[in-house]
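With chain A held as given, fit chain B onto it using these hints.
2 protein chains.
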Amino acid sequence: MPRIAMVVEYDGSGFCGWQYQPLQRSIQGEISKTLNVVLREYVGLVQSSGRTDAGVHAAGQVISFKVDSATIDCFKLSHSVSSLLRGEVAIIAAGYVPDVFHPRRNVQFKEYCYRVENRKTPLVLSKKYAWHVPEKIDWKLVEHESRFFVGEHDFTTFRAAGHETRNAVRTIYDLAVVSDGCSVEFRIKGTGFLKHMVRIIVGTLIDIGRGKISRSVAQLLLDCDRGRAGITAPPHGLKMSRVRYEDAELRWLG
Amino acid sequence: MPRIAMVVEYDGSGFCGWQYQPLQRSIQGEISKTLNVVLREYVGLVQSSGRTDAGVHAAGQVISFKVDSATIDCFKLSHSVSSLLRGEVAIIAAGYVPDVFHPRRNVQFKEYCYRVENRKTPLVLSKKYAWHVPEKIDWKLVEHESRFFVGEHDFTTFRAAGHETRNAVRTIYDLAVVSDGCSVEFRIKGTGFLKHMVRIIVGTLIDIGRGKISRSVAQLLLDCDRGRAGITAPPHGLKMSRVRYEDAELRWLG
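Protein chains in written order, with the working numbering: chain A, 1 to 254; chain B, 1 to 254.
There's no promise every hint is true.
The list treats identical chains as one, so a pair stands whether inside a single copy or across any two.
[To be verified] No farther apart than 27 Å at their CA atoms in a straight line, the calculated lysine-lysine pairs in the DSS-like style are these:
hint: 1; residue 1: Lys33; residue 2: Lys120
hint: 2; residue 1: Lys128; residue 2: Lys76
hint: 3; residue 1: Lys76; residue 2: Lys120
hint: 4; residue 1: Lys33; residue 2: Lys136
hint: 5; residue 1: Lys120; residue 2: Lys66
hint: 6; residue 1: Lys33; residue 2: Lys127
hint: 7; residue 1: Lys76; residue 2: Lys66
hint: 8; residue 1: Lys76; residue 2: Lys127
hint: 9; residue 1: Lys120; residue 2: Lys136
hint: 10; residue 1: Lys136; residue 2: Lys76
Think of the hints as simulated: they come from the structure by calculation, not from any bench.
Isolated chain A (complex conformation):
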C-alpha cells in the first residue's frame, strides 16, 4: 500500500499528549480523525517518530500512514489538514515514502529544544513556551556539566520512574546551551530518548546551577538512580524540533 510521511508542527497546550487516549484530545487522535475525514478513507492511527508528553510542542515531528491511492495531491492534503486543525497543528511538508518506512526506524538523530527564562519577574510574551526559573543560576557550571551527557551512557538516572523499555543505554550527540540575555535554550541531539529524559536532564542541570544538587552529572550517570537526579522540567518549555533520517531520500523530513 502507498505510504505518506508528513512533517508536523503543533502546540501541545491543548492536548493530552501525542498518544491516542479514548475520550481525550490527543494529537495522534486529532490528526488521524482529520485525515479520515479529508481522505474519506480509514487510515487508522498515524505513526510518529516518538510520543510527546502532554503540553510538549513540536516544530518538526514526523508522522506516517498508509493510503489507498498513490495519486493524492500531498500539498492539498496538507492544506486541508492544517485548515481543519487551524492554529494548533500545521503540516509543514508531506510526500510519498517507501511502504516500509516507519518514522521511528533509521533515525540518524532527533533534536529537542528546551527553553528556560531565567529572570525574577514573571513571564508574559514567552509564558507558553518557556520554563520560568527565578533563582540565580551558575550558567558556567551548567555549561560545564552539560558536556558530560554527550556520548553513550546508561540513562537510568534520567528516565521516568514508571518506564517500560528495559535498555536505558542511549547516545547523545550534542547538548548545546545557547543563551540570549536571560533566555536560554538547551538543544539536545540524540538517537532516541527515554520517557521524560530530556526534561529530567534539563531539570537536573538547572538544579545543579541553582545549587540544589551538588553531585556532578558524571556521578549521577553512574548512580543509575532516578532519586538522585533533579526535577522533571515542566513540559511547556520543550519542543521536538527535528528528526533526521539516515536515508538520503528522506532528508526533506528534517
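Same frame as chain A, but now just chain B:
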C-alpha cells in the same frame, strides 16, 4: 512629588492599545487602575514613552507616575502589579526617578522589533507574535532597500493618513534585518516614530520584496505620499523592545 518609573512587558493581544479609552480595556487604563488599588492612592493615568497600537506588544516599554510617598518598596509594588495583571503585564524593573522625568523626553533611542514568518504553511507556535507572509520574498532586495531608511528623513510617506503631529522629520539610527531560517526580524532604532511608521516601513519592505511595489525606498521617501507606500503590517508582529535615555542615571530603564 516623588516619581517612579517602570520598565514594562505586555502582551497587546487583549487590549485596545496603550491609550486609555473609556469602556475599553487599554494597557494604560489597566496599569493605572491597578496602581490605584495597590498604592491606595489616586495616581492618575500613567505616562509612557509612546503609545502602542491595539495588538502591539512590548518587552521594554517605560512608564512613569507621581506618588505621595518617597519610601515605597518598588520591588514589592512591581510584584503586586504583575500578580494582579498576571500573564498580560509584567513589571521588569522599577525605581524612583527625578520628578522632572517624562518617559518621552530625553530619549536617546527607542527600539522596535517586527517579526515576519516567511513560509507557505500556516503558523502555529509563532502565530501570536509574527506576521505570516506566504509569498516568495527577495530578501537580498529587502535588505538592500532597508538601508535607505537609515538617517534623517521626512517620513510623510510612511505615516498613518489620519495623523496629528505636523513635523514628519525623524531619524532612524539603524534598521537590521536578522533572519533565522524562515523567521525574519526587523530591528529598528530611532529617536521617535510617527503613527504606524514602523508597521508601514515593514509592510513596504515586504511589498517590495514580493514584487508588489517597484519604486525604491529612496524614491518613496521623496514622494511624501502615503498612497505610494505599501500596506501597514499587522500589529501582532510588532514589539516595542527597548527605550534608552541620554541620562546615565536612567540607563537601568533600557
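For Lys120 vs Lys136, is the C-alpha pair at or below 27 Å within one copy, between two copies, both, or neither? within (9 Å within a copy, 41 Å between copies)
Reference check for the pair Lys33 and Lys120, CA-CA at most 27 Å: within, between, both, or neither? Between. Shortest inter-copy distance 24 Å satisfies the 27 Å Cα cut-off; intra-copy 43 Å does not.
At 27 Å max between alpha carbons, let me know whether Lys76 reaches Lys66 within a copy, between copies, both or neither. This pair counts as within: shortest intra-copy Cα distance 17 Å, inter-copy 59 Å.
At most 27 Å between alpha carbons: which applies to Lys136 and Lys76, within, between, both or neither? This pair counts as between: shortest inter-copy Cα distance 19 Å, intra-copy 49 Å.
27 Å Cα cut-off: does Lys120 pair with Lys66 within a copy, between copies, both or neither? between (49 Å within a copy, 25 Å between copies)
Indicate which option fits the pair Lys76, Lys120 if close means a Cα-Cα distance not exceeding 27 Å: within, between, both or neither. Answer is between; shortest inter-copy Cα gap is 12 Å, intra-copy 46 Å.
I want to check one pair: Lys33 and Lys127. Are their C-alpha atoms no more than 27 Å apart within a copy, between two copies, both, or neither? Classified as between: cross-chain Cα gap 24 Å, same-chain 30 Å, threshold 27 Å.
Taking 27 Å as the upper bound on the Cα-Cα distance, should Lys76 and Lys127 be classified as within, between, both, or neither? between (34 Å within a copy, 21 Å between copies)
Within a copy, between copies, both or neither: where do Lys128 and Lys76 come within 27 Å Cα-Cα? between (30 Å within a copy, 25 Å between copies)
Should Lys33 paired with Lys136 be assigned to within, between, both, or neither, using CA atoms and 27 Å as the limit? Neither, since 46 Å and 32 Å both go past 27 Å.
Figure legend: structure checked against the earlier numbered hints; the only hint not met is number 4.
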